[in-house]
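Engineer: Let the hints inform the model, and build the full structure from the sequences given.
The sequence shown begins at 79 in this note's numbering and counts up by one.
Nothing false has been slipped in among the hints.
Label-pair restraints from in silico Cβ distances:
#	residue 1	residue 2	range
1	Asp165	Ser228	26 to 32 Å
2	Glu129	Arg321	29 to 35 Å
3	Gly369	Gln133	45 to 51 Å
4	Val360	Gly301	21 to 27 Å
5	Glu294	Gln355	25 to 31 Å
6	Gly212	Glu129	14 to 20 Å
7	Glu129	Asp354	32 to 38 Å
Just so you know, these hints were derived from the structure itself, not from any lab. Every residue, glycine too, gets a C-beta built ideally from N, C-alpha and C.
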Amino acid sequence: MLPMVTGGNLSPAEARERVRRAGRADSDERGSLSSRVVDARAVTDATLDVERTAQLVHDAARRLELTAAGFRLLRVGNHIVMASLDDKVVARVRYLSRQPLEDHVAHHSRLEQLAAAGAPFVAPLCDPCRLSDGRIVTFWPMQSPAPSLSLEALVELAWRCHRIEASDALPVWDPEACFLTRWTNRVPLMEARGVPARVRAFLEVTLHRRLGALSECWADLGGEAQSRVLIHGDVYSPNVVCRGNGTLAFVDLDSVGIGPPEVDLSTVRVQYQRHDQEPHVVERIRAAYNGAVNERLLAEIYATDEINELVWLACLWGVVPGADQELIRRVDHWDDPTLRWQEF
79 MLPMVTGGNL SPAEARERVR RAGRADSDER GSLSSRVVDA RAVTDATLDV
129 ERTAQLVHDA ARRLELTAAG FRLLRVGNHI VMASLDDKVV ARVRYLSRQP
179 LEDHVAHHSR LEQLAAAGAP FVAPLCDPCR LSDGRIVTFW PMQSPAPSLS
229 LEALVELAWR CHRIEASDAL PVWDPEACFL TRWTNRVPLM EARGVPARVR
279 AFLEVTLHRR LGALSECWAD LGGEAQSRVL IHGDVYSPNV VCRGNGTLAF
329 VDLDSVGIGP PEVDLSTVRV QYQRHDQEPH VVERIRAAYN GAVNERLLAE
379 IYATDEINEL VWLACLWGVV PGADQELIRR VDHWDDPTLR WQEF
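Structural biologist: Here it is in structure tokens:
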């Protein structure tokens, strides 16, 4: 059963009423959600924060003797990602973290061990540390972006990860812990960045409904009795880089753990089915993956990943130009599987 959280077990009628009530809370908005215009001042405010963060990152990198160069913005999302001006170091700064620094240090130690054992991961340069304002920063070697990847190439890279023996010390994937933790961590960002209440209500209701179906499927299949492999947890082509020796590797390793291979194959499906609108995606995943694929589990994880990506996109509201309109476009056309999702 799902934990007792708001919106967790609503009927469709209750869900619609919940969204309708939330819509009244946005009384300052008029007309369709699609008519909302991005406030450019929000982007300016984010840029000011980035400038301050760049100085703090520079101070930390110099203290650690990683580089004396300044830092420039790469992207702003759930993290502020920056690159050194000498193109040697990438820094990822968390907006917030509910885990103690020691947990992040332990996770990075395991990542180093896995990379040494042959996992297609880019190893961090050093342990995570805190900036002078208390936020956690991690430093990584700069790598070249990967060339355009086919579905088959991305599935093959995921399989290379799955065949590495996983440490028992890694977090074990569980649907409720995975998706509810992400939701809980992202709610403060959505609220702080001004995502309308009725949009947040739609995300919450839809996430909990789909997570309920996934949890039921997981229980029916025996849960922990399912195949457990080393998973990346966020297999999208933007998280793949090309190393100096020409090999491909994953970055953005926060979600690395132990779980069923369908966790990684689901995000592959989201990219090529929702973003690229390519044909026969499930059949091609099955053909390309060198192992068994449970199609029911893949379908339920995929359904939950779909709404989870909208939650992620909501965290870019008012920060990344165009994210507001794209989120509203997806919400307005949620039932249209032919809508091509834009990349952010």
